[in-house]
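Novice: Got chain A; can you put chain B on it based on the hints?
Okay, here's what each chain looks like letter by letter:
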Amino acid sequence: MLTLIGLCLGLSGCNDKDNLKVDVPKTHLAKGADVSWITEMEASGVQFFNAGGSAVDGLKILRGLGMDAVRLRVWVDPQQGWCNKNDVLVKARRAHHLGMRIMVDFHYSDTWADPGQQTKPAAWKGLSFDGLKKAVSDHTTEVLQLLKDSGISPEWVQVGNETGNGMLWEDGKASVSMANYATLNNAGYDAVKAVFPAAKVIVHLHNGFDNNLFRWMFDGLKNNGGKWDVIGMSLYPTPENWEERNAACISNINDMVARYNSEVMICEVGMSWDEADSAEIWLKELFNAVNSVPDQKVLGIFYWEPLAYGGWNGYTLGAFDNNGRPTKALNAFK
Amino acid sequence: MIHMKQLTLYILVLLFVACKKEGGTPAVSGIKPAVLYSSTTELVLKSTDRKAVALQLVWDEAILASDEPVAQSALKNKIEIAADPSFSAVSKSIEQVASSLSYTHEQLNNLVTGMGFLPDEKNVFYVRIASRLGTNTDWLYSNVIALNVTAYQPVEDAAYLYLSNKEFTQFPWKLCSRKEDGFYDGFVRLDQWYNFYLTNAESASASLIYGSYPLDGSQYILYSGADRWNCWTSKGGYLYLTADVNKLAWKETSVESMTVTGDFNGWSATATPMVYDQTAKVWKASITTTAAEQWGIKVLINGSWTWFFGAAEGDGNCALYTADGTGFAYDKIGTHTLILDLSDPKQFKYHVE
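Protein chains in written order, with this note's numbering: chain A, 1 to 334; chain B, 1001 to 1353.
No lab work stands behind these hints, which were simulated from the structure alone. All C-beta atoms in this analysis are idealised placements derived from N, C-alpha and C, irrespective of residue type, glycine included. It cannot be assumed that every hint is accurate.
Pair by pair, the computed Cβ-Cβ distance ranges are [unchecked claim]: (1) A:G311 with B:E1167: 31 to 39 Å; (2) A:E240 with B:Y1276: 51 to 59 Å; (3) A:G99 with B:G1116: 38 to 46 Å; (4) A:N323 with B:S1207: 29 to 37 Å; (5) B:T1326 with A:L146: 53 to 61 Å; (6) A:E240 with B:D1120: 53 to 61 Å; (7) B:T1290 with A:N323: 55 to 63 Å; (8) B:K1032 with A:A198: 24 to 32 Å; (9) B:P1154 with A:D219: 57 to 65 Å; (10) B:G1116 with A:A198: 49 to 57 Å; (11) B:P1085 with A:G311: 36 to 44 Å; (12) B:T1137 with A:G131: 54 to 62 Å.
Just chain A, with the same shape it has in the complex (with noise of 0.2 Å):
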């Protein structure tokens, strides 16, 4: 009897485990992932399996194990195109269709920009500091736009990535000018706030451990006026230092807090694919940490780009194992 079951199970598909509720009510705190990468993953040929070992969409596979929330990159002019506004959208609309929330990240560049490289776009090098603001604040607008047209509206919208020391360097750079980074900040945020005013905007670090820097930066931006509605923070440890990071973290987001009165987002996390055991301990430890912040001042955790597997662009901080099957790390975003 039992292995009729089985039978009739395999046959109907209704074993698989990316069971999709789309209208689950929403929980204060996201649990999301950077999916920037899936839609080249798939071009060149990557798949994606579920526990039972059946190829499924990677977005429904993160869905159905308890992500609500996705986080997509917006490079300017890319010199291959993944991750322009055309591929957002096609994200969003995918991540959208499944019930799932947006986070919008520019990075004002057409490459990675992260505490090691803030390069303007090839398109925006000649411009003056007026035509730099313009650029920032009509590049915000058009893809926001985009999406608005298309129905789909992001929850959050982070202007610069992993900017602790400004963007769009050299003008933009923090360390030169912090009022030059405050301006171009403002062009952002409010291009975002006219879009969509019920956005918040997210000003985005590194090293979330590091209250010296957040401190460094955020009193800056204050001083000159800069915008923002909620702290971002990276968190990359390992598993010998996760315990002191995240302790690290969250007196830096209970500062943050009390400081500015400011709500905080871990936007990115991440740690070594063969190290599930230790991440999802973590991980488990970093949500309820979190969670005990006063007020729900911390609104979500996101996962760097958990699908990247088996060497993908030389990235091994993923929670997908070489057969690209989802590591015990995602477990704790249940």
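Specialist: Coordinates of chain B only, in the frame set by chain A:
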């Protein structure tokens, strides 16, 4: 342990799937045709953008609803592509688990030229999504989108790394990853201590430039950071170079000799050496035969029977072997010059004069 309630649901699902036309009680609702969108409806494909994304199709598929958990993957989708809007003959049908499909210029060019599109002519094809739940129900079809596409003349594509001088003004040699797996190799002639980089384009503005890791003793580590050092050869002369971009390592092996072997010289590994012609960048040897070579001939590198040029598909082609293999065809009789051209590592070639 499967609960009875779940079991009932599964049976209902099966009944529904199997008995839809008899009006069985639906256990799953929400099944409807997908809604298809396209990133563009008009595009001119370009060989220069062949690795860049050209077209993205995305669709809102039916979201299955039920009181009990239901696997969304039970819904099967395929993209259908046809030359006519009524889809009387579907040119291509692609099953897809993701609800979008992206094509690079190259992928789409392959698709449409396969459908008979001629280069530089605008043609139209039609695309729709077919969905169904279970194998014995009818397909439901989405809206149809017409796509106007101009194809390009397919170009010989190869994954090359170009060997550049230190100034990026000359690119005298290239390495090829024949399997496009990140392992590149090729034969080069360099002076001792020649400084070089490996680039992905014959240009100073190549998007990828490998040098060596900027630390003493790291000469054979490939590194593309801005603070890279150049690579250099400590051996010089005629070399076999390999570069593995997965392992980020390169290697040089001196080619001390190339010798022709076959029935004509009693399969001697030393009797018929080839001479390198620096101007023409080819290897030459004079061979005298009295009959067509029944097993073909081989060109041994450094006298090795497990590192040689032997048979390959296509006239005038030969392949590099690192294990036993057969020789390449040689059916001339009398005295002729064998010329071996290794300058394009995508395809090693020989001819006889």
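Novice: Taking the hints in turn, state whether each one holds.
Specialist: Hint-by-hint comparison with the structure:
no.	hint	result
1	A:G311 with B:E1167: 31 to 39 Å	holds (34 Å)
2	A:E240 with B:Y1276: 51 to 59 Å	holds (56 Å)
3	A:G99 with B:G1116: 38 to 46 Å	holds (42 Å)
4	A:N323 with B:S1207: 29 to 37 Å	holds (32 Å)
5	B:T1326 with A:L146: 53 to 61 Å	holds (59 Å)
6	A:E240 with B:D1120: 53 to 61 Å	holds (60 Å)
7	B:T1290 with A:N323: 55 to 63 Å	holds (59 Å)
8	B:K1032 with A:A198: 24 to 32 Å	holds (30 Å)
9	B:P1154 with A:D219: 57 to 65 Å	holds (58 Å)
10	B:G1116 with A:A198: 49 to 57 Å	holds (51 Å)
11	B:P1085 with A:G311: 36 to 44 Å	holds (43 Å)
12	B:T1137 with A:G131: 54 to 62 Å	holds (58 Å)
In summary, this structure violates none of the numbered hints.
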